[in-house]
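Bring the two chains, given one by one in their own frames, into a single complex with the hints.
Which chain is which? The protein sequence lines are X and H, in order. So in the working numbering, spot 140 of the first sequence is number 140, and the numbers just go up one at a time. For the working numbering, add 313 to where a residue sits in the second sequence, where the first one is 1.
Don't read these hints as lab results, they were simulated from the structure. Computed from a prediction, not measured in an experiment: that's the story for all the values here. Beta carbons are placed, not taken as given, at the ideal position from N, Cα and C, and that holds for glycine. Be careful, since some hints might not be right.
[To be verified] Simulated coverage check for chain X against chain H, where a stretch passes if three residues somewhere in it have a Cβ under 8 Å from a Cβ of chain H:
(1) 51 to 62
(2) 160 to 168
(3) 172 to 185
[Unchecked claim] Using 27 Å as the maximum straight-line C-alpha spacing, the simulated DSS-like pairs for lysine-lysine come out as follows:
(4) H:K558 <-> X:K222
(5) H:K558 <-> X:K283
(6) H:K558 <-> H:K315
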Amino acid sequence: MNRILIIGEHADGKLNAATARCVTAAKDIGGQIDIAIFAAEPDAPAAQAAMLDGVTRVRTVTHAANAHALGALLAPQIVALADDYSHLLAPSTTFGKDLLPRVAALLGVSQVSDVMTVTDSHTFERPIYAGNAIITVQCAPEHKVVATIRGASYPATAAGSATAPIEAAAITVELPTHTRFIELKASASDRPDLQTAARVVSGGRALGSAQKFDLIYQLADKIGAAVGASRAAVDAGYAPNDMQVGQTGKIIAPELYVAIGISGAIQHLTGIKDAGTIVAINKDAEAPIFEIADYGLVGDLFKLVPELEQALG
Amino acid sequence: MKILVAYKRVVDYNVRIQVKADGSGVVTDGVKLSPNPFDDIALEEALRLRDKGIASEVIIATIAPADAQAHLRNGLAMGANRALHVVVDRAPSPLTAARVFLKLIEKEQPDLVILGKQAIDDDAGQTGQMLAALWNKAQATFASKIEIDGAKATVTREVDSGLETIEVDLPAVITTDLRLNEPRFIKLPEIMKAKSKPMETIAFDSLGIEAADHQKVTHHAPPAKRSRGVMVKDVAELVTALRNKGLVK
Numbered sequence: 001m002n003r004i005l006i007i008g009e010h011a012d013g014k015l016n017a018a019t020a021r022c023v024t025a026a027k028d029i030g031g032q033i034d035i036a037i038f039a040a041e042p043d044a045p046a047a048q049a050a051m052l053d054g055v056t057r058v059r060t061v062t063h064a065a066n067a068h069a070l071g072a073l074l075a076p077q078i079v080a081l082a083d084d085y086s087h088l089l090a091p092s093t094t095f096g097k098d099l100l101p102r103v104a105a106l107l108g109v110s111q112v113s114d115v116m117t118v119t120d121s122h123t124f125e126r127p128i129y130a131g132n133a134i135i136t137v138q139c140a141p142e143h144k145v146v147a148t149i150r151g152a153s154y155p156a157t158a159a160g161s162a163t164a165p166i167e168a169a170a171i172t173v174e175l176p177t178h179t180r181f182i183e184l185k186a187s188a189s190d191r192p193d194l195q196t197a198a199r200v201v202s203g204g205r206a207l208g209s210a211q212k213f214d215l216i217y218q219l220a221d222k223i224g225a226a227v228g229a230s231r232a233a234v235d236a237g238y239a240p241n242d243m244q245v246g247q248t249g250k251i252i253a254p255e256l257y258v259a260i261g262i263s264g265a266i267q268h269l270t271g272i273k274d275a276g277t278i279v280a281i282n283k284d285a286e287a288p289i290f291e292i293a294d295y296g297l298v299g300d301l302f303k304l305v306p307e308l309e310q311a312l313g
Numbered sequence: 314m315k316i317l318v319a320y321k322r323v324v325d326y327n328v329r330i331q332v333k334a335d336g337s338g339v340v341t342d343g344v345k346l347s348p349n350p351f352d353d354i355a356l357e358e359a360l361r362l363r364d365k366g367i368a369s370e371v372i373i374a375t376i377a378p379a380d381a382q383a384h385l386r387n388g389l390a391m392g393a394n395r396a397l398h399v400v401v402d403r404a405p406s407p408l409t410a411a412r413v414f415l416k417l418i419e420k421e422q423p424d425l426v427i428l429g430k431q432a433i434d435d436d437a438g439q440t441g442q443m444l445a446a447l448w449n450k451a452q453a454t455f456a457s458k459i460e461i462d463g464a465k466a467t468v469t470r471e472v473d474s475g476l477e478t479i480e481v482d483l484p485a486v487i488t489t490d491l492r493l494n495e496p497r498f499i500k501l502p503e504i505m506k507a508k509s510k511p512m513e514t515i516a517f518d519s520l521g522i523e524a525a526d527h528q529k530v531t532h533h534a535p536p537a538k539r540s541r542g543v544m545v546k547d548v549a550e551l552v553t554a555l556r557n558k559g560l561v562k
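Bound-form chain H, shown alone (with noise of 0.2 Å):
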């Protein structure tokens, strides 16, 4: 079986994010890049199917601009077979994302896409379902636990009321959630090793996909901030002030 994983480079979890002073967005040079902490979560997964001789090869796929090898080098140090990189000049939208995967999809016939719920960047958490929609596939979302078994996988979904389990037809569709699994660390040998892994360049243009620019970003603002409050010395101060406001009886 065959995995296509989705694996994005967004500004790293820790970096504070400025907002520029004229609005036009949010200050990204000089900071630090980092795999979508999701991404590394879906490739470590497509990765122990692997391990366990589930799956036979995992594909890492980028929409990013030329200098994302670097990026995609970390991935196939990590452990993938080898990176498919579409090269944009800005950032798609969720839904033209999905329809570059569809395009990858049909080339490469995948019998599972693993993605990230959502990129910690712009947040939106589409583009797995929307995938899953153009390519008429069942989808998995937000999952923590995923069994395959043949044609078949069996998927928990951290769900707003818990827990919940569904069966999926393969090929399919599925995003991680937190707790699949704990990405494992790259070893020095497995850099050196990832130089030599294929790694193919796809110019978007060359897809002939239409682009989904429905939406235009107008402005960028920093967020209203709550200001700092006072600090209390003991609990009879914490408890009367909360009572003051009627928050406690």
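Bound-form chain X, shown alone (with noise of 0.2 Å):
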């Protein structure tokens, strides 16, 4: 049977909810679900985590120095748990694409990168050149597999109607000195987190600054949308780094995707394509984005999104 180990995401007591999409996908590999909770607290999220249908049970393991999560210090812990089992799984997200390959490493096997499809439990489908092409992997049986799951390709399991047994991992390994956290400067928001949000507006570079930017944030805010932008817009200096939505940035599968000024270049479209519905505002009707979009409406965003907002209110 397979004996799979996700490593759990959270941050300030919350678990990410890209963990509840790794189960699903551990679902489609099937066997034992286990997640591990990496923490110097972690008792909310391992309880979030074993809530979640079909856990079978949830380790923890308290150190001062999980404090944050830094790949370096995560992985020989990981490494450490990894005899139990199979398959380890991490969401591809930053946190695990920063920790998951150096796991790998430390096991001397490779890792299969952004699954999207389980064919099999040693066998999956993963994107290339941005998603231009689909990929079959097939992994050696005698080897463990280790994998990040594409958030978008998955739905967040829901809680079920057991808890899962919460147990303390003993485990002693010698942590290096070398990495030490400095600060996070979160883009402090009351908006949707772009991940997981249902709605997503965004904004290109047709903005034309920082300060036109706010009427993405003005149209989100009106149907409680997350905002996203383009990499121009980011690279423009419209909107932070962690809006970045594509190939580069996030992935994500909002049901309403809303692309404001946005030419739709592939590593764009890359981010957005499992999203449910996509509406595209552009003033040129040959822009890539409408090869795509459901909705298209050719015209300037100056004057649409504020008639826009309005015909939402």
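The structure is reproduced here in structure tokens:
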């Protein structure tokens, strides 16, 4: 039987929804599903993980050094637990992307990045070339499978009827001292989280300035949406880096995605093609974004966006 | 201080990739090849550290077939001091690539290794972290700012929740994100100068590495297509459509 360990992602006592998406992928692999919580204070995220449907047990590793998720410190701790497992999974977030290859290398195995489909316990589909090709990867059964899960491909597993047991895992590993956390500047926002929001409004370079990007925030707030941005808008300084949607930014799958002043480079489209409904507003009728938009509207965004905001009020 | 930069050749950013009809791969014959954009950023950062007098030598390294010399000349023209070319017949897995780089580290003893956070062909995003693990050194991934102070580096990282700053002891591995810098343009005299810069060819087999082939790619497919929707004539029509689908109130 497969024995799967998911590395839980959490911050400020909250389990990240990306972890629950990994559980959904783990169910497709099939077998025992454990979630590991590495933290200074694991109780709250562990309790949330234990509620997820299909989870066999939650294992906590408590250490002051785990107050911040540093890949170089977490990796040897994960390796200490790895003997019990056939599969190690983490979300394909910056947390998982930083951490899991380090774990794979310590175990001497390859990693499958960004799993989008589980064909069987050792066969997976993943995107390459910014999602312009999908490859089927077969992992050798004699090795552990180490994989990151592409969140946009999996809905989050909800709470189940039972609560899994929470056990403290006793591990003794020497932690490296070469890496120290200094600070995290989180973009303070009352808006929904970009990676899990049901609705997202994104702005592109056509907005023209950080000031005019306010139009995007206003429309987003009107419909309770998260705010995203194209790479061009982030590069131009109109929006912070954590808003970037696309191949090298965030891959998202909201129910509604509204792209405003975004032409639709392949690298951006990669980040949104699992969205339910895509709306595009752009002055260029030939913009590639219209090739994948469910609803396209050609015109001047500075006229149309305020109109749209008003019509929704 | 010596900096080793990973410098991979990939299908150019602007090429629209086509999957071969038989699913055996993607069409790469005759398509434009370029340095991986994140590796250009890695090289630029190394050159800036040299410009500031922090680094004394910048070495680029690639793992590629024998025809990759022009690619390395490009990196030399950008300003690298010399190049290492590990010759392979087929693309190595990220773990194999990390093992190769570890060998190059043993040979060159760099104080810093900079790689792109991912290559835009396989989009794996693994090699830097794997190398740091095998080397047993610190890693600072997705860097948007690097400051070197003696034997330490302070690195700002682009993470999902914002910007994280960590401090790492050198030697270390750093991987670059998009906003670390804007790579310079290559000037014609530099292209001429690059022709006489040293380039060392190393046969993969001479390194005594076990290739990590735990994965087989059995099929390539084009992605599921989203079909083109409808064009609406005005905001009212758009809002009606979205309300009918229950997407907005």
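Going down the list of hints, with the structure as the test:
no.: 1; hint: 51 to 62; verdict: violated (count 0)
no.: 2; hint: 160 to 168; verdict: violated (count 0)
no.: 3; hint: 172 to 185; verdict: holds (count 10)
no.: 4; hint: H:K558 <-> X:K222; verdict: holds (18 Å)
no.: 5; hint: H:K558 <-> X:K283; verdict: holds (25 Å)
no.: 6; hint: H:K558 <-> H:K315; verdict: violated (59 Å)
In this structure, the hints that do not hold are numbers 1, 2, 6, in rising order.
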